[in-house]
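Undergrad: Chains C and A supply the protein sequences, listed in that same order. If you're matching positions, the first sequence starts at 1 in this note's numbering and goes up one per residue. If you're matching positions, the second sequence starts at 1 in this note's numbering and goes up one per residue.
Heads up, a few of these hints could be off.
[Unchecked claim] 30 Å max Cα-Cα, derived DSBU-like pairs, lysine-lysine:
{"id": "1", "chain 1": "C", "residue 1": "Lys27", "chain 2": "C", "residue 2": "Lys16"}
{"id": "2", "chain 1": "A", "residue 1": "Lys147", "chain 2": "C", "residue 2": "Lys81"}
{"id": "3", "chain 1": "A", "residue 1": "Lys147", "chain 2": "C", "residue 2": "Lys48"}
{"id": "4", "chain 1": "C", "residue 1": "Lys16", "chain 2": "C", "residue 2": "Lys51"}
{"id": "5", "chain 1": "A", "residue 1": "Lys173", "chain 2": "C", "residue 2": "Lys48"}
{"id": "6", "chain 1": "A", "residue 1": "Lys173", "chain 2": "C", "residue 2": "Lys81"}
{"id": "7", "chain 1": "C", "residue 1": "Lys16", "chain 2": "A", "residue 2": "Lys85"}
{"id": "8", "chain 1": "A", "residue 1": "Lys85", "chain 2": "C", "residue 2": "Lys51"}
{"id": "9", "chain 1": "C", "residue 1": "Lys51", "chain 2": "C", "residue 2": "Lys100"}
{"id": "10", "chain 1": "A", "residue 1": "Lys173", "chain 2": "C", "residue 2": "Lys92"}
{"id": "11", "chain 1": "A", "residue 1": "Lys147", "chain 2": "C", "residue 2": "Lys41"}
{"id": "12", "chain 1": "C", "residue 1": "Lys46", "chain 2": "C", "residue 2": "Lys27"}
{"id": "13", "chain 1": "C", "residue 1": "Lys110", "chain 2": "C", "residue 2": "Lys51"}
{"id": "14", "chain 1": "A", "residue 1": "Lys173", "chain 2": "A", "residue 2": "Lys147"}
{"id": "15", "chain 1": "A", "residue 1": "Lys147", "chain 2": "C", "residue 2": "Lys46"}
{"id": "16", "chain 1": "C", "residue 1": "Lys41", "chain 2": "C", "residue 2": "Lys81"}
{"id": "17", "chain 1": "C", "residue 1": "Lys100", "chain 2": "C", "residue 2": "Lys27"}
{"id": "18", "chain 1": "C", "residue 1": "Lys81", "chain 2": "C", "residue 2": "Lys118"}
{"id": "19", "chain 1": "C", "residue 1": "Lys92", "chain 2": "A", "residue 2": "Lys147"}
{"id": "20", "chain 1": "C", "residue 1": "Lys50", "chain 2": "C", "residue 2": "Lys110"}
{"id": "21", "chain 1": "C", "residue 1": "Lys118", "chain 2": "A", "residue 2": "Lys109"}
{"id": "22", "chain 1": "C", "residue 1": "Lys110", "chain 2": "A", "residue 2": "Lys173"}
{"id": "23", "chain 1": "A", "residue 1": "Lys173", "chain 2": "C", "residue 2": "Lys41"}
{"id": "24", "chain 1": "C", "residue 1": "Lys16", "chain 2": "C", "residue 2": "Lys92"}
{"id": "25", "chain 1": "C", "residue 1": "Lys50", "chain 2": "C", "residue 2": "Lys100"}
{"id": "26", "chain 1": "A", "residue 1": "Lys173", "chain 2": "C", "residue 2": "Lys101"}
{"id": "27", "chain 1": "C", "residue 1": "Lys100", "chain 2": "C", "residue 2": "Lys41"}
{"id": "28", "chain 1": "C", "residue 1": "Lys100", "chain 2": "A", "residue 2": "Lys147"}
{"id": "29", "chain 1": "A", "residue 1": "Lys80", "chain 2": "C", "residue 2": "Lys110"}
Simulated from the structure, these hints should not be mistaken for laboratory data. Computed from a prediction, not measured in an experiment: that's the story for all the values here.
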Amino acid sequence: MATDTGMPILVVDDYKTMIRIIRNLLKQLGFEDVDEAADGKEALGKLKEKKYGLVISDWNMEPMTGYELLREVRADPDLAKTPFIMVTAESKTENVVAAKKAGVNNYIVKPFNAATLKNKIDSVFTPAA
Amino acid sequence: MGIPENTELENELRKIADYIVTLRREISVLQANEIHMRKIPAAGQELAAVVSSTEGATNEIMAIAEAVLSADASDPVAYKALVDKEMMALFESCAFQDLTGQRISRVVKTLEHIEARVSRFANYTGVEDQPGHANEQEADAAARREKLLLHGPSIADDGNTQPMIDRLLAALKSQ
Chain C
1 MATDTGMPIL
11 VVDDYKTMIR
21 IIRNLLKQLG
31 FEDVDEAADG
41 KEALGKLKEK
51 KYGLVISDWN
61 MEPMTGYELL
71 REVRADPDLA
81 KTPFIMVTAE
91 SKTENVVAAK
101 KAGVNNYIVK
111 PFNAATLKNK
121 IDSVFTPAA
Chain A
1 MGIPENTELE
11 NELRKIADYI
21 VTLRREISVL
31 QANEIHMRKI
41 PAAGQELAAV
51 VSSTEGATNE
61 IMAIAEAVLS
71 ADASDPVAYK
81 ALVDKEMMAL
91 FESCAFQDLT
101 GQRISRVVKT
111 LEHIEARVSR
121 FANYTGVEDQ
131 PGHANEQEAD
141 AAARREKLLL
151 HGPSIADDGN
161 TQPMIDRLLA
171 ALKSQ
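All chains should be modelled from the sequences, with the hints used to inform the complete structure.
TA: In structure tokens, the structure reads:
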């Protein structure tokens, strides 16, 4: 099953530049419906207002981190099934393990390229048999 | 009996006085005021300028890429002219690297300056590191970093690469 490029995506990052990079890469991959938030708290508000097909979030943000956002999303029955990809410079094993335990669908370490982003999005929606 | 005791006391006081004089000299060599008032603020300004110029250049480069990607390619001559113009702008945008390199070199020199003086002072006074934090704010920040696993970008082999993370996720999934 091909990934639905029409789904709304929420990109969460406190760096405008990174949001612009991800937005451009998503556009090249065919995703046009992209919203943005500057931290977990703002993202949580947007998630409660609109149904998103995917969240792409940074980890290290103030006041609410991406890790906290992930746990909030998984704890909310209305949001719990929203696919969630972490895109972060946090590359230590304990971060990956914690994110996986919290229910992350995929994990991308910065810096990354368009092929990696596409591959990780596709693997969320078309898991290997 | 009284004279030797006084001499001993006098010798001890002289040693303490000498130590204080030397300590004062070492503190003055430390140049704490110079570091606090001038060097640290200057380094902060240099780093802020680096952040600003790299962000500015990144935005310029992205704007160029966006302009080329969204350009109408139906007229090859006009399209070639636009690409040539945007590529020149791209070269110009990359000039930031020279300035940021110089700014970062100056910050590194400041850190080396501080490191040399603090090391010399620590060696002379024989002070040992104590665990803990300088104040409550510093302790709170450290506790938050630890609780939320905020390490920041890794250096060299300190973190995992994307293939390592992929293998780790696969292993965790199969558990």
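Undergrad: Confirm or reject each hint.
TA: A quick look at each hint next to the structure:
With a C-alpha separation of about 16 Å, the suggested pair Lys27/C and Lys16/C falls inside the 30 Å cut-off, and the hint holds. Taking the CA atoms of Lys147/A and Lys81/C, the gap is near 25 Å; set against the 30 Å cutoff, the hint holds. For the given pair, Lys147/A sits about 26 Å from Lys48/C by alpha-carbon distance, which is consistent with the 30 Å threshold. Restraint check for Lys16/C and Lys51/C: the C-alpha separation of about 23 Å stays at or below 30 Å, so the hint holds.
Taken as a hint, the Lys173/A and Lys48/C pair is honoured in the structure, with Cα atoms around 29 Å apart against an allowance of 30 Å. Between Lys173/A and Lys81/C, the direct Cα distance comes to roughly 17 Å. Compliance with the 30 Å bound is thereby established for this hinted pair. With a C-alpha separation of about 26 Å, the suggested pairing of Lys16/C with Lys85/A holds against the 30 Å cut-off. Proposed proximity of Lys85/A and Lys51/C is contradicted: the alpha carbons are some 42 Å apart, above 30 Å.
Taking the CA atoms of Lys51/C and Lys100/C, the gap is about 23 Å. The hint holds against a cut of 30 Å. Between Lys173/A and Lys92/C the alpha-carbon distance is near 18 Å, which keeps this suggested pair within the 30 Å criterion. Distance check on the hinted pair: Lys147/A and Lys41/C sit about 18 Å apart at the alpha-carbon level, within 30 Å; holds. Between Lys46/C and Lys27/C, the direct Cα distance comes to roughly 21 Å. Compliance with the 30 Å bound is thereby established for this hinted pair.
For the hint linking Lys110/C to Lys51/C, the alpha-carbon distance of about 27 Å falls within 30 Å, and the restraint holds. Proposed proximity of Lys173/A and Lys147/A is supported: the alpha carbons are some 24 Å apart, at most 30 Å. A hinted pair counts as satisfied when its Cα atoms are at most 30 Å apart, and Lys147/A with Lys46/C qualifies at roughly 25 Å. For the proposed pair Lys41/C and Lys81/C, the alpha carbon gap of about 19 Å is at most 30 Å, so the pair holds.
For the suggested pair Lys100/C and Lys27/C, the alpha carbons sit about 27 Å apart, so the restraint of at most 30 Å is met. Annotation: proposed proximity of Lys81/C to Lys118/C holds, straight-line Cα distance about 20 Å (limit 30 Å). The straight-line distance between the Cα atoms of Lys92/C and Lys147/A is roughly 14 Å, inside the 30 Å bound, and the hint therefore holds. For the hint pairing Lys50/C with Lys110/C, the CA-to-CA distance comes to about 27 Å; that is within 30 Å, so the pair holds.
Among the hinted pairs, Lys118/C with Lys109/A is inconsistent with the structure: their alpha-carbon atoms are about 42 Å apart, more than 30 Å. Our distance criterion of 30 Å between C-alpha atoms is met by Lys110/C and Lys173/A, whose separation comes to about 22 Å. Our distance criterion of 30 Å between C-alpha atoms is met by Lys173/A and Lys41/C, whose separation comes to about 29 Å. Taking the CA atoms of Lys16/C and Lys92/C, the gap is near 24 Å; set against the 30 Å cutoff, the hint holds.
Restraint check: the Cα-Cα separation between Lys50/C and Lys100/C comes to about 25 Å, which is no more than 30 Å; the hinted pair holds. Taken as a hint, the Lys173/A and Lys101/C pair is honoured in the structure, with Cα atoms around 10 Å apart against an allowance of 30 Å. About 21 Å separates the Cα atoms of Lys100/C and Lys41/C, which keeps this hinted pair within 30 Å; it holds. Restraint check: the Cα-Cα separation between Lys100/C and Lys147/A comes to about 16 Å, which is no more than 30 Å; the hinted pair holds.
Simply put, Lys80/A and Lys110/C have alpha-carbon atoms about 33 Å apart, too far for the 30 Å limit, and the pair is violated.
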